[in-house]
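Trainee: Chain order of the listed sequences is A and B.
With this note's numbering, the residue at position 95 of the first sequence is 95, and numbering never jumps.
With this note's numbering, the residue at position 31 of the second sequence is 31, and numbering never jumps.
Do not take every clue at face value.
Covered stretches of chain A, going by a simulated chain B footprint (3 or more residues, C-beta under 8 angstroms) [what the hints assert, rightly or not]:
hint: 1; segment: 4-14
hint: 2; segment: 17-30
hint: 3; segment: 38-47
hint: 4; segment: 55-67
hint: 5; segment: 72-85
Facing chain A, a subset of chain B residues (Cβ under 8 angstroms, in silico) [stated by the list, open to error]:
hint: 6; residue: 2
hint: 7; residue: 3
hint: 8; residue: 5
hint: 9; residue: 15
hint: 10; residue: 21
hint: 11; residue: 31
hint: 12; residue: 33
hint: 13; residue: 38
hint: 14; residue: 40
hint: 15; residue: 46
hint: 16; residue: 51
hint: 17; residue: 60
hint: 18; residue: 65
hint: 19; residue: 66
hint: 20; residue: 72
hint: 21; residue: 75
Hint data in this document are derived by calculation from the structure and do not stem from the laboratory.
The beta carbon of each residue, even a glycine, is placed where N, CA and C say it ideally should be.
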Amino acid sequence: MVAELLVLAGALLTCLAGIGVVRFDDVFARLHALSKATTLGFLLVLLGAAIALSDPNDITSLVLAAALQLLTSPVGTGLLGRAAYRAEGYRPRVDTVDQLADADLD
Amino acid sequence: MIGASLVLLAAAAMCFLYRLVRGPTLVDRMIAVDGLLVAGASAIVVDAIRTGSGAFLPVVVVVTLVGFVSTAVVARFIEGRGA
């Protein structure tokens with residue numbers, strides 16, 4: 001029961017990420033919606049599966065997938081965000097701070 | 001409850017697919033591909049719970065790794081191309 005609830009919460013978070021990716025009007029906002037909600041949702045699904053399954057082989061795969069997702073998702077998001085900043089340009093709004101404006105990009 | 005989770009994941013995949021088709025920039029399409037990979041991997045995990053056998057769970061690890069490598073490669077490509 002607990003496992004199924006965790007999986008349902010994770011799927012709900014992934015669905016919310018999808019809605020955010022469709023509805024938000026900016027590349028960076030979409031990236032934000034994808035990275036946070038997807039990481040937590042995927043981790044919740046993996047946690048639920050680790051509770052539901054009992055074979056140590058399966059648990060090892062789940063833990064490995066969770067560690068990889070937790071390590072690679074912020075790095076990939078940062079790379080995509082920097083690529084979007086440099087390639088698409090950035091039109092700042094009034095209430096935002098552009099910290100990359102005078103950064104030393106290689 | 002497992003069925004509801006699969007339905008939610010399918011809805012998320014449809015949202016990402018819409019952004020993949022429509023997305024004005026290449027970064028938008030890459031965001032959509034990332035989300036599709038995560039939705040697919042989550043669906044594999046949910047199916048492992050449904051059937052009770054984790055035979056496909058190593059696929060989830062591989063999908064996670066390949067997703068990151070593809071994101072990094074495309075991001076470098078977009079930066080180098082300058083558009």
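Trainee: Please go over all the hints and tell whether each is borne out by the structure.
Mentor: A quick look at each hint next to the structure:
1. 4-14: With 8 residues closer than 8 angstroms to chain B, the segment 4-14 of chain A meets the three-residue bar; holds.
2. 17-30: holds (count 7)
3. 38-47: Holds, because 5 residues of the segment 38-47 of chain A bring their Cβ atoms closer than 8 angstroms to Cβ atoms of chain B.
4. 55-67: With 7 residues close enough to chain B, the hint holds.
5. 72-85: holds (count 9)
6. 2: Residue 2(B) check passes; min Cβ-Cβ to chain A is 6 angstroms, inside 8 angstroms.
7. 3: violated (10 angstroms)
8. 5: For residue 5(B), the interface hint holds, since the closest Cβ of chain A sits about 4 angstroms away, which is under 8 angstroms.
9. 15: holds (3 angstroms)
10. 21: Where the cut-off is 8 angstroms and the nearest Cβ of chain A is about 11 angstroms from residue 21(B), the hint is violated.
11. 31: holds (5 angstroms)
12. 33: Cβ of residue 33(B) sits 10 angstroms from chain A, so the hint is violated.
13. 38: For residue 38(B), the interface hint holds, since the closest Cβ of chain A sits about 5 angstroms away, which is under 8 angstroms.
14. 40: Nearest chain A Cβ about 11 angstroms off; hint violated.
15. 46: Constraint on residue 46(B) satisfied, holds at 6 angstroms.
16. 51: violated (10 angstroms)
17. 60: holds (5 angstroms)
18. 65: Constraint on residue 65(B) satisfied, holds at 6 angstroms.
19. 66: Residue 66(B) check fails; min Cβ-Cβ to chain A is 10 angstroms, beyond 8 angstroms.
20. 72: holds (6 angstroms)
21. 75: holds (4 angstroms)
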